[in-house]
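Trainee: Single-letter residue listing:
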Amino acid sequence: MGFDIRLPIGMMFTVFGVLVGGYGVATRGDEMYTRHSLGLNVNLWWGMVMLLFGAAMLLLARHGTAAARSAKTLNSEEN
Amino acid sequence: MRPHPHWIDYSIIGIYFTFVLGIGFVLKKYMKTSADFFLSGRSIPAWITGLAFLSANLGAQEVIGMGASGAKYGIMTSHFYWVGAIPAMVFVGLFMMPFYYGSRARSVPEYLKLRFDEKTRGLNAISFAVMTVFSSGVSMYAMGKLLQLLLGWDFNVAIVVSALIVLVYTFLGGLTSAIYNEVLQFFLIVIGFIPLTYLGLRDAGGWDGLKARIGNDAMVHSWKYLGSPSANPMGVEWFSMLMGLGFVLSFGYWCTDFLVVQRAMAADSMTSARRTPLIAAFPKMLFPFLVILPGMIAGVVSAASMGGNAPASAVVARGTSGEISLQGGKGIIPPKVDESGNPLVKDGKVVLDYDLATPMMLVRYFPSGLLGLGLCALMASFMSGMAGNTTAFNSVWTYDIYQGYINKTASDQHYLWMGRAATVFGLAIAVAAAYIARQFNNIMDVLQLVFAFVNAPLFATFLLGMFWKRATGNGAFCGLLGGTAAAALHHGLTLPTGSATGVKGGFLGVVVHQYPSEMAQNFWTAIFAWTTCFSVTILISLVTKPRPDTELQGLVYALTDRPKDVGLSWYQRPAVLAVVVLTMLVVLNWIFW
Numbered sequence: 306m307g308f309d310i311r312l313p314i315g316m317m318f319t320v321f322g323v324l325v326g327g328y329g330v331a332t333r334g335d336e337m338y339t340r341h342s343l344g345l346n347v348n349l350w351w352g353m354v355m356l357l358f359g360a361a362m363l364l365l366a367r368h369g370t371a372a373a374r375s376a377k378t379l380n381s382e383e384n
Numbered sequence: 141m142r143p144h145p146h147w148i149d150y151s152i153i154g155i156y157f158t159f160v161l162g163i164g165f166v167l168k169k170y171m172k173t174s175a176d177f178f179l180s181g182r183s184i185p186a187w188i189t190g191l192a193f194l195s196a197n198l199g200a201q202e203v204i205g206m207g208a209s210g211a212k213y214g215i216m217t218s219h220f221y222w223v224g225a226i227p228a229m230v231f232v233g234l235f236m237m238p239f240y241y242g243s244r245a246r247s248v249p250e251y252l253k254l255r256f257d258e259k260t261r262g263l264n265a266i267s268f269a270v271m272t273v274f275s276s277g278v279s280m281y282a283m284g285k286l287l288q289l290l291l292g293w294d295f296n297v298a299i300v301v302s303a304l305i306v307l308v309y310t311f312l313g314g315l316t317s318a319i320y321n322e323v324l325q326f327f328l329i330v331i332g333f334i335p336l337t338y339l340g341l342r343d344a345g346g347w348d349g350l351k352a353r354i355g356n357d358a359m360v361h362s363w364k365y366l367g368s369p370s371a372n373p374m375g376v377e378w379f380s381m382l383m384g385l386g387f388v389l390s391f392g393y394w395c396t397d398f399l400v401v402q403r404a405m406a407a408d409s410m411t412s413a414r415r416t417p418l419i420a421a422f423p424k425m426l427f428p429f430l431v432i433l434p435g436m437i438a439g440v441v442s443a444a445s446m447g448g449n450a451p452a453s454a455v456v457a458r459g460t461s462g463e464i465s466l467q468g469g470k471g472i473i474p475p476k477v478d479e480s481g482n483p484l485v486k487d488g489k490v491v492l493d494y495d496l497a498t499p500m501m502l503v504r505y506f507p508s509g510l511l512g513l514g515l516c517a518l519m520a521s522f523m524s525g526m527a528g529n530t531t532a533f534n535s536v537w538t539y540d541i542y543q544g545y546i547n548k549t550a551s552d553q554h555y556l557w558m559g560r561a562a563t564v565f566g567l568a569i570a571v572a573a574a575y576i577a578r579q580f581n582n583i584m585d586v587l588q589l590v591f592a593f594v595n596a597p598l599f600a601t602f603l604l605g606m607f608w609k610r611a612t613g614n615g616a617f618c619g620l621l622g623g624t625a626a627a628a629l630h631h632g633l634t635l636p637t638g639s640a641t642g643v644k645g646g647f648l649g650v651v652v653h654q655y656p657s658e659m660a661q662n663f664w665t666a667i668f669a670w671t672t673c674f675s676v677t678i679l680i681s682l683v684t685k686p687r688p689d690t691e692l693q694g695l696v697y698a699l700t701d702r703p704k705d706v707g708l709s710w711y712q713r714p715a716v717l718a719v720v721v722l723t724m725l726v727v728l729n730w731i732f733w
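Order-wise, the sequence lines are chains X and D. Each number in the numbering used here comes from the position in the first sequence (counting from 1) with 305 added on. Each number in the numbering used here comes from the position in the second sequence (counting from 1) with 140 added on.
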């Protein structure tokens, strides 16, 4: 019903990935990483993971919509 | 010790809110009939209903409560998943969904009406509606309190804002909106919690390091110490674990609670409906690693690395503006404090605020940026639970109470309108309940106890209803009442060791048995309730008149065609999924034996 839920999920995580990853780049070497995350720049790393996940969801959504559309055309041609 | 979120953290939370509301707004135009609003037009694919099935249950109790339980009892908490959820999820998918979905009932109480009679449905619908709004209120209260304590946010603002957001998206997009958002929230919770477990485990030195630091073998094995209640921290033994939690409570929840079953009813086909709980079982099985492990880790890591002065040295009064002091706590779990900010002591031991275990982990390991994501995940869990309750309530109210007893012949548009109205007043009552919970903690404890009595016998009724065609409406109704009475009686005559009589038990004046723990008492209450309901239903059914077979087609096992899975690859079939789930379950139990 409605739209493909993978679309907003993909969009949100892409935005999160860019935002958090970008923040990670901007705060490289910040002491908060030693204080909190064992010296790992988790923003950068996890931002990249979220970006990948978001992009994958967007791709799947696009693929899914295309498939649904061609199935529809096929059906209407048969009728 | 309090985090100070930056602009980046607030931006993440803001973006999340925008998407959640956006989904509601986009779906508004698809809500044309009441079936669209309450049942998503029965058009949702299995993977979506599956994740929503899981997410709707993933409320505050789950993330906060399972972390707390992990800190208290260790890996034994995984029984709430591996014993207390997965087998029941497999059962409802394989054996019960054919009747729920196949009968075209629009709700669980409506199934009871089709199978038994009006009074059984009424009893179930009314008790379910009341319980749903109140438990929604209790979790709202928990969230408000947590955000206030952790971030210094205003209690009123936290409650009103989250209730308003849930209101808007369920009001506009009905069940579809709730389900879509549950899927979004599912991914957010998983992606928000994976780094927490990773960083925590890394800090503690992996699973072996964690085991060594905990230093209590009974907390790192799930079965080994279940031989006797005195050997394990939960104070339960294997029989009540398997029968009480694994059978009565677990099947009673996963197989009969409309909150979760509603997700499967929205599926696009019978096969999808049956696959819904099975698909949910895969992530569910792995959730202990995301929600229990952080709690266990919280008890053994130190906050010392968090900057020059160990925060533990700072003694601060806790109030609306005070910070959380770790002094006297364990690991990074703070003690509970009295009104003047001093740690609470009971029997010479500091009382720990276990509910803060997981939130403190977020504060400890997440720098700004990831902190926003973690807080989002926390709020997502609260909101998905709240939305689940709201959509279940508005369906039961509209179909089973309003259409059932108040206005039977209105137009479909009127029921759609009523569903939206129920969304508004359901949430309004929940907010009121949150404030009652804040004012009078005891009232809520009593209410939750009563709910437990009502829920305990339910599965016996459904089991007999679906698999024994001789079961009658009078039998079911008496069985439910008898089971609830048995639960109250058992609870009133027993007491967990060391508790005062009252809400904890013994309120009937005589204590005939002492249980080693509250959990053991609860499991046995459930066992008594179920057994009573089961026996009473059979006895009364045998002396009352059964319904003719023709009326029970599609409602009872013996009179229903076995569902066929057409057009599915072998690995997509429910039976195959079930075998894979159960195999993984055995392996997990084996590893953490």
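Treat the hints as calculated values from the structure; they're not laboratory data. Keep in mind that the hints are not guaranteed to be accurate.
[As the list claims (entries may be wrong)] In silico contact screen, one side only, chain D against chain X (beta carbon under 10 Å); selected entries: (1) Tyr320; (2) Leu324; (3) Tyr338; (4) Ser508; (5) Gly509; (6) Leu513; (7) Lys548; (8) Tyr697; (9) Arg702.
Glycine is no exception: its CB is placed at the ideal position from the N, C-alpha and C atoms.
Trainee: Would you check whether D:Leu513 satisfies its interface hint, that is, whether its CB is within less than 10 Å of any CB in chain X?
Mentor: holds, 7 Å
Trainee: How about D:Gly509: closest beta carbon in chain X under 10 Å, or not?
Mentor: Interface hint status for D:Gly509: holds (4 Å vs cutoff 10 Å).
Trainee: Regarding the hint that D:Lys548 lies at the interface with chain X, is the smallest CB-CB distance below 10 Å?
Mentor: violated, 28 Å
Trainee: With a cut-off of 10 Å, does the beta carbon of D:Tyr338 approach a beta carbon of chain X closely enough for the hint to hold?
Mentor: holds, 9 Å
Trainee: Taking the closest Cβ pair, is D:Leu324 under 10 Å from chain X?
Mentor: holds, 5 Å
Trainee: Against chain X, with CB atoms and a cut of 10 Å, does the hint on D:Tyr697 hold up?
Mentor: Violated. Min distance 31 Å.
Trainee: D:Tyr320 was flagged as interface toward chain X. Is the shortest Cβ-Cβ separation under 10 Å?
Mentor: holds, 5 Å
Trainee: Next item in the hint list is D:Arg702. Is there a CB on chain X closer than 10 Å to its CB?
Mentor: With a minimum Cβ separation of about 29 Å from chain X (threshold 10 Å), the hint on D:Arg702 is violated.
Trainee: Would the hint on D:Ser508 stand, with a C-beta cut-off of 10 Å toward chain X?
Mentor: holds, 6 Å
The structure shown violates the earlier hints numbered 7, 8, 9.
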